[in-house]
Structures are given as structure tokens and as C-alpha cells.
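Given the coordinates of chain A, work out where chain B should sit on it, guided by the hints.
These protein sequence lines are chains A and B, in that order. Take the first sequence: its position 106, counting from 1, is numbered 106 in the numbering used here, and each next residue is one higher. Take the second sequence: its position 155, counting from 1, is numbered 1155 in the numbering used here, and each next residue is one higher.
Be aware that a few hints might be false.
[Stated by the list, open to error] Not the full set, but computed from the structure, chain B residues with beta-carbon under 7 Å of chain A:
| hint | residue |
| --- | --- |
| 1 | A1145 |
| 2 | P1148 |
| 3 | L1185 |
| 4 | F1196 |
[Claimed, not checked] Output of the computed footprint for chain B on chain A, the stretches with three or more beta carbons under 8 Å from beta carbons of chain B:
| hint | stretch |
| --- | --- |
| 5 | 32-40 |
| 6 | 45-53 |
| 7 | 163-173 |
| 8 | 190-200 |
These aren't lab readings, by the way, just hints derived from the structure by calculation. Positions of the beta carbon are idealized from the N, C-alpha and C atoms, including for glycine.
There are 2 protein chains.
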Amino acid sequence: MAPTAQPETLTPLLRDRESVMVYDRSHVLGPDTLRAILEAARWSPSAGNSQPWGFIVGLRGDDTHAAMVEVLSSANQVWAPSASAIILTLHQVATDEDHELAYSDYAMFDLGQAVAHITVQARSMGLQVRQFGGFDHGAATERFAVPPHWAVTTGIALGLPAGPDDDGEMPDWVLARARLPRSRLPLEAFVHSGKFGHPADFLTD
Amino acid sequence: MAPTAQPETLTPLLRDRESVMVYDRSHVLGPDTLRAILEAARWSPSAGNSQPWGFIVGLRGDDTHAAMVEVLSSANQVWAPSASAIILTLHQVATDEDHELAYSDYAMFDLGQAVAHITVQARSMGLQVRQFGGFDHGAATERFAVPPHWAVTTGIALGLPAGPDDDGEMPDWVLARARLPRSRLPLEAFVHSGKFGHPADFLTD
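Here chain A stands alone, though its shape is the one from the complex:
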């Protein structure tokens, strides 16, 4: 993977996070590693402890994984199967008669938090993830029999990054995209004080 500009102030688990597109195709995720990564989601905070998240896990080589690859966008079909796992994320969109927990307006927000915790835990174990939205949500809902009070939301590719001399048998467009420099808006664009649009005082003092 190409070097990327990252602020040195961040803690290493965040500083060294990258949305990796080229994974080691020989790496296998063991059950203990998977459990630890999903425990990170489990202990994520949520509104009123609603825990409005779900994960369908496909491991390279199993039937769930094969079914997931079928519903990916054609671009994502090229690189995502190189990862050891593909995880589809879900959030609760309505109450369930059998479920004690009511629907929370913050379900998608809390799913995002849980996925970030997955990312951090994976990083602590030498792994990386790349998230994506490019798949046929309707086909995934049907294939995995997702009930109406849940919504398939995003995909996560999870695996061990390929080594520097391993192109992962990827076409040039994937390798080029994986090397794109990262960019972000400056803090002044989104950190306010006093009122919206006024950069926070501590940024300009």
C-alpha cells in the first residue's frame, strides 16, 4: 500500500487506519479473532442501550461469502473477495413484536459507531477494513431473508493487507485507486463555536 499523509497526533490505531483494497488472499480469519472483532461492536455504546445493529458474516470459501459476492457491484466484485471476510451490516428500522427494544432514531448512527469499533479492534490485530455501499441491497435482503424491521446498510471487507510486493492479482485500476492520496476538509470547515459557520475559537487563537 502507498504511504498516506496522516496527522501524527492521532493514536496509532486511528493513524494507521486505511481503507485497504488489496488483501492477502491466503489469510484466514480464525474464530477467536472474529469473536474479538465482533465483541468490539457488541460493547459499542448506543442510545438507551438499544444495540440496533446486526452483522451477516461471510468467510472466504463459505456459502455466505459466495452469496455476498454475487450481490456486490461489479467493481466491488474485483477487489472485495481478496479480503478474508465480507460482512454486511444491518440496522433496526422499526420495532419488533418479539423484541423488547423499541426502535431508536439513532440506529444508523449507532451502527456507524459499532462499525468504527470493529475497525479499531481489527487494526489492533494487524487487520484492515474497507467499507462500501456498492451492492444490491434488495437482492441481499432477499438472499439473507432479512425481516422488514431490519435494513441491510453497508458492506465491510476485512482482512490482512497484502504485502508491499504483492499486487493481489488486481487489475491496474484497483492498484491505482488504492494509491490515491487521501484528503479531508480542514478542521475550520466543520468545527464551530458561538454559532454554526464560525470556526471554533481554539482553532484560531
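Using the frame of chain A, we list chain B on its own:
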């Protein structure tokens, strides 16, 4: 703070995260610390790099903070001001004529991720956060002149946890709530494979 049951498999920045209610009222957040914490949000991933997040930052003692405390629910007014900062989070809910980035369906999800990154960075600096939704969103929108294409979403109290012998001058109900044991659904309830509702094979093998 009371001891809490946490899985030992998690990386320390996640394992030792707690939604702390009692903070050190003498702690002041310096600009370098604040910047690093907000850089964590800045470098968070988002759909198409849409970066659909915003933060209004109030520091204990400044006018923004005082205005925030006024719009908090009465329960949150009791404990949240003990933290060194209160941050209101926003996500983009529509396109902006002046903004190059289109609205993303994943804005709330991505805000959740950015807030999780804030939490992890804060933890790496010895700080904790507690998130809350209990405040007058309409009053906050008005007070901070939030434009219609943004939505005030959640609140974050950020600070240094009070020491074990410091009750933070909190009433008994806060101290009792802060000591409540944490609970979560088992992994089998939300980690599926094959189809929704079927616990992932690696959990039962």
C-alpha cells in the same frame, strides 16, 4: 467509577471505554488536545469521502458552553457540565448550493463513525466521553443558527473522569446511575451467517 465487566479480548482503548457521568471539574482541555481529538473525526472514513459531519464545541466557562447547558434536558444539566467540554454533533441532511459534496444516505452512519473515532482518540489521552440525546434540538438549532441542510444530532460530554474519591458534587441518583452494571445482547443475537437469524457458524463450531 464502578468496575464494569468488559471482555478482556478488546484492545485497551475500547476495553476501558466507559460512558462516564462524573468528571473532574478542575480539568481544562487545551487547544492541542482538542485539535487531536477533532483530527480523529476528520480522518474518519465516509461514503464517497462526503465528510457529512459537524461539531459545535463548548468549553466549560465559555459562552458556547453556557448556551448549550441551557438547552440540555434537566437530567443532563446535572452531570454534563462537570465535563470539560460539551460538543453538539451535526450531520448533513441535504445538499448545499455552495457545497461541492452531495447529500449522502450514509450521513448519520458516518457521523456515528466520526464520534466513535473521537471517543477512541479521547481515550488514548486519558479522557472519556458520554454521549446523550436529551436536549432541545430545536432550541439548539435556533441558538447556534444551524442551517436547514444540517441537523443537530447528539451531544457529547468530554472530560477527565473524576478520581475514585471524588463524587463530583453529584446527587445520589447520578452516582447510582454511573455505577449501573453494563449489559449487552450475546453475539449470537446479532451475528448471523447463511441467513438472518441463524447465528454465525464460527460462534457455535
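Now for the hints, and whether the structure bears them out:
Checking A1145 (chain B) against chain A by beta carbon gives a least distance of about 4 Å; that is within 7 Å, so the hint holds. Hint status for P1148 (chain B) relative to chain A: violated, with the closest Cβ pair at about 11 Å, above 7 Å. The restraint placing L1185 (chain B) at the interface with chain A holds, with a minimum CB-CB distance near 5 Å, inside the 7 Å limit. Because the closest C-beta pair between F1196 (chain B) and chain A is about 5 Å apart, less than 7 Å, the hint holds.
Three residues within the 8 Å Cβ limit are the bar, and the stretch 32-40 of chain A against chain B gives 7, so the coverage statement holds. Residues of the stretch 45-53 of chain A lying with their CB closer than 8 Å to a CB of chain B number 5, which satisfies the three-residue condition for coverage. Check result for the stretch 163-173 of chain A against chain B: violated, 0 residues qualifying (beta carbon to beta carbon below 8 Å, three or more required). Proximity of the stretch 190-200 of chain A to chain B, defined as three or more residues with a beta carbon under 8 Å from a beta carbon of that chain, is established by the 9 residues found.
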